[in-house]
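Q: In case you want the letters, here they are:
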Amino acid sequence: MIDYFKEYFDFKALFLCVALVTLGLLSVYSATYDVGAGATFQKQVMWAGIGFLAMLVTALLPLKSLQRLAFPIYAGSLVLLIVVLLVGKTTSGSKSWFGVGGLGGQPSEIAKVAAVLALAAFLSRTTTSLSNAKHLLIAFGIVLVPSVLILAQPDLGTTVVFSAMLLPVLYWAGAKNFVLVAILSPIIVAAGALFGTLAFLFSIGIAGVLLYITRENRFVAAVAFGLTLAVGLSVQAVYERMPPYQQKRIDTFLNPNLAPRGAGYNVLQSKVAIGSGGIFGKGYLQGTQTQLNFIPEQWTDFIFCVPGEEFGFVGASVVLIFFTALLLHGVNVAGMSKNRFASTSAVGITGILATHMLINIGMSMGILPVIGIPLPFLSYGGSALIANMMMVGLLMNFYSNRKEH
Amino acid sequence: MIHDEYFGTPERRKILTGIILLIFAVLMVRLYQLQLLYHGELDKKSEENSIRALVKEPIRGYIYDRNGKMIVDVGPSYTVMVVPAEFDRSNLPFLSSILEMEPRAIEERIARARAYSPFLPSRLKRDVDIKSLATIEEHLPLFSGISYQVESKRSYPTPAHAAHLLGYSREISDAQLSQVGEYYRQGDVVGIAGLEARYENLLRGEKGYEYVSVNSRGQIIGSFEDGGRDVTSKEGFDLILGMDVDLQAFAESLMTAHAYGGAIVAMDPKNGALLAVVSKPDFDPAIMSGVTPAEMWGRLNTDESKPLYNRATLTRYPPGSTFKMVLAAAALEEGIIDERYRINCSGGFRFGNRVWKDLHVHGSTNVIEAIQRSCNVFFYQLMFKVGFEKWTEYGRRFGFGKPTGIDTGEETSGLLPSIEYYDARYGKGKWTAGFTVSLAIGQGEVGVSPLQMVRYIAALANGGTLHQPHAVQYINNKRVGKVEEIPRDAASVGLSARTMELIREGMRRVVQEPGGTASLARIKGVVSAGKTGTAENPHGEDHAWYVGFSPFDDPRIAVAIMLENSGFGGSKAAPLAGLIIEKYLYGQLRRPTPNAAPIKRDSTKAITQVILEH
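Residue numbers (this note's numbering), protein chains in the order written: chain Z, 1 to 405; chain R, 1 to 614.
Among the hints, a few may not be true.
Unchecked claim - Heads up, simulated DSS-like pairs for lysine-lysine below, C-alpha to C-alpha not over 27 Å straight-line:
#1 K43/Z with K14/R
#2 K12/Z with K14/R
#3 K403/Z with K524/R
Stated by the list, open to error - The following label-pair restraints were derived from C-beta to C-beta distances:
#4 E420/R with G76/Z: 26 to 34 Å
#5 P157/R with L285/Z: 43 to 51 Å
#6 G76/Z with P487/R: 36 to 44 Å
#7 S96/R with V45/Z: 35 to 43 Å
#8 V57/Z with E420/R: 45 to 53 Å
#9 R68/Z with E410/R: 37 to 45 Å
#10 V45/Z with E393/R: 48 to 56 Å
#11 N537/R with V45/Z: 51 to 59 Å
#12 A197/R with V45/Z: 25 to 33 Å
#13 H139/R with L285/Z: 29 to 37 Å
#14 V148/Z with S233/R: 42 to 50 Å
Rather than coming from a laboratory, the hints here were simulated on the basis of the structure. Keep in mind that this is a model prediction, so the values were computed, not measured. Backbone N, C-alpha and C define an ideal beta-carbon position, used for all residues, glycine too.
If we strip away everything but chain Z, and leave its shape as in the complex, we get (with noise of 0.2 Å):
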């Protein structure tokens, strides 16, 4: 019996994302200690109950019927995102959150999830070919079109951790590499074009050698190139564009010592928090970075500031390794799938679960720009919180499923 539970129940993923929430929770409720008397914690509470209840329900769903339902979902969700661009409310300068009496949420959540299924379920199409450009079109458009809706808001963070699911995607839905190169050029020109000429012609340099490599006809490299260096140049139109709250988090980014009471204030204060943990931490509730709230919206985007304060390396590490184990699960259960939309899907969530940690704890530590993205089951967020509990949920049915073609 037991036997047979652990063959079709994915008790690992359970375990670390119940353990992950967890640990946010303890975490939400240190940062917030002395707001008010526990509102937030208990808000997030009732979300993590609402989010385990809408895990199990993901997981048990029949796999054919989520692959029938992805395109609907997809809809709904694009339906959802221009709704809140309509009528939504503004809260810190993007338009991203709507709700009804007490209850509300952003779409965007939701919608990163919908585009996932929708992909997987176009690229495991048998019709399909990655060779056929007008069909890697199509690709593309199911993500860009949540991601521009996304970007109208204006929310530059999900942005960024959409488009970065579309190159795992496509690299284990059997793209050739010089179709991800062509992807990740522009990326790097435009990253290299905000770090002034030198670093411009540098990336230009890299994409120009990647593309030459991996060519397999000249004229299509040519385009992409020329493609990438249109790219790179428009990065700075687009910057003068941009919030001036945004633009300011990647000026302080390059340069920390440009506002160090500014927005470079929270990265300082969060690395301050993390170092001074130590190896052991201050202990729960006795972090004086946290306490004294020296670090602006502490529950939400700096979240990780608390393990690494008051749990110190070994409280900041289990976390780490709690996140990879649930990465590298989510890897294997794409390649155990039989199920091609299955195994595409697992690697796309995957793919949104690994940015999301990578930019959100690289930018606590100082090491990433500081775009706004919570860290997935530790930060203060209902939609988040709900979103990324399904993610786990749809891993947990793919594992289920995983013998299922």
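The hints should help you fit chain R onto chain Z, whose structure is shown.
A: Just chain R now, with coordinates in the frame of chain Z:
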């Protein structure tokens, strides 16, 4: 698929696994750097970060009367603060003797402060007297973790109490703290009753923060970043009331001088602004500011005369004859009678085998005379002509049986009986028309508050507009630096000019003509109108009513007076109305008043003592 051979190949699986492990390695290395390599440096930075955010309390908004006189002020109050992590328990006995607090009480306070934050100062005792404060200041180096801050408390510069209208603010309770969310913390003051509660969000202002560096003993060694991150507190908005505070004080003194219990409500009939709201017995709101001794609280709550009870908005007595204008309005407006319609009052009215008596034999009476002389027989008969349903409808038009929408405190809807009400109460068909006879003269089950009454009279005064009664007229919005008027509701009663004219003529005669029941409300040089009433009280002496307005041609004040257990309205309530109207219209009394109490605040007597006649 054409690229089948590349889909999820073991090689690609290895690459993805490798990328994940690479991300993990990068983050682990960085974690190692921060927490182990740079730990010493960053830990020192965190220690240097011994910065306290001191809360700067905003000044609560002031309350002014219609003439700009300050009714509610703020004065300084000293609060002793504690930082739990730095408090030294060996100081407990000494501190206990200075603050006159039980050591256990202090420890409990500190435990609760610790739950809020071990590192931030919390209030230990509010409103500490200046002598204790001096002792603490002298020994401050000894008391680690103890400090004090200057806060504000309410003070009341005028002799008026207006306790039920103004309400009061107190330290927030634990129960409230868990409800109201993130702005408040232990020890904060919050409006509990009256205007202080209703306008809490406007009055309170916004807290400010001052960041200071402290040494390891918690003593302030300087400002943090030269105050660059400080947030200044924002003053609360001021309220500008419709009240005339001199009139309020005068009305209170009249009630006190006569030792009356009951209520006086005066309203500006043009817009519904409340000129005075008196409920007696009352209390001095000054005893609620700062720290109210428990013993005082106990007395306020258990006193038999119920000083906390707002008789102006919460009592629900029958209106007596003051309600006759409702029935008259229904009869005239529906065209059932006109001024030529007369009955012969023989001093009694027989219905079935019961007889309702009148006080006098009025002889031939039309509607104007019936109001003037308060002829019961006329209205008994009229009730059957008009019908119960219409009576209820017109009562509703004048705002009875529902809340008025006043902007302060609680209020009663009163009770306006209707067919549905009787059906529900006694069962369909189990009540008869006889039940409605006493309603004709405002007796029986009908119940009204003095506030509802003044609004009804104001509508008769202003030609038929039912205004939302309100204490606050303007708000001094300090954020935009503008005085803003608060929009209020108004509805039409829907009576023709002719109906109005006849009813008002009856009410004028009540005061101004011989044979009227309220000649004692007459004022030299001004024509007034009004109506007396007596609410039958099965539990004791009847309650007296008087309602009226003045001047007759261009009314500037409407007033409703209800005196508990005081008998007939014409003899006791009407003279008070005369004095109040005179005071308001002329700014002072133009006649000697033998019986007015001195108008001054007597802080030794917190509760106005009232000898109630039972």
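Q: Evaluate each hint against the coordinates.
A: Verification of the hints:
For the hint linking K43/Z to K14/R, the alpha-carbon distance of about 40 Å lies beyond 27 Å, and the restraint is violated. A hinted pair counts as satisfied when its Cα atoms are at most 27 Å apart, and K12/Z with K14/R qualifies at roughly 20 Å. Note on K403/Z and K524/R: the hinted pairing is violated, with a Cα-Cα distance of about 104 Å set against a maximum of 27 Å. At roughly 48 Å, the beta-carbon separation of E420/R and G76/Z lies outside the given 26 to 34 Å, and the hint is violated.
A hinted range of 43 to 51 Å holds for the C-beta pair P157/R and L285/Z, which are about 47 Å apart. The hint said 36 to 44 Å for the Cβ distance between G76/Z and P487/R, and at roughly 42 Å that hint holds. At about 40 Å, the beta-carbon gap between S96/R and V45/Z stays in the expected band of 35 to 43 Å. For V57/Z paired with E420/R, a C-beta distance near 49 Å keeps the hint of 45 to 53 Å intact.
Range check, R68/Z to E410/R: about 59 Å between beta-carbon atoms, so the 37 to 45 Å window is missed. Remark: the range hint 48 to 56 Å for V45/Z to E393/R is upheld by a beta-carbon distance near 53 Å. Between N537/R and V45/Z the CB atoms are about 56 Å apart, so this pair conforms to the stated range of 51 to 59 Å. Restraint check, A197/R to V45/Z: a C-beta distance of roughly 31 Å satisfies the suggested window 25 to 33 Å.
A hinted range of 29 to 37 Å holds for the C-beta pair H139/R and L285/Z, which are about 31 Å apart. Distance hint check: the CB atoms of V148/Z and S233/R are about 44 Å apart, consistent with the given range 42 to 50 Å.
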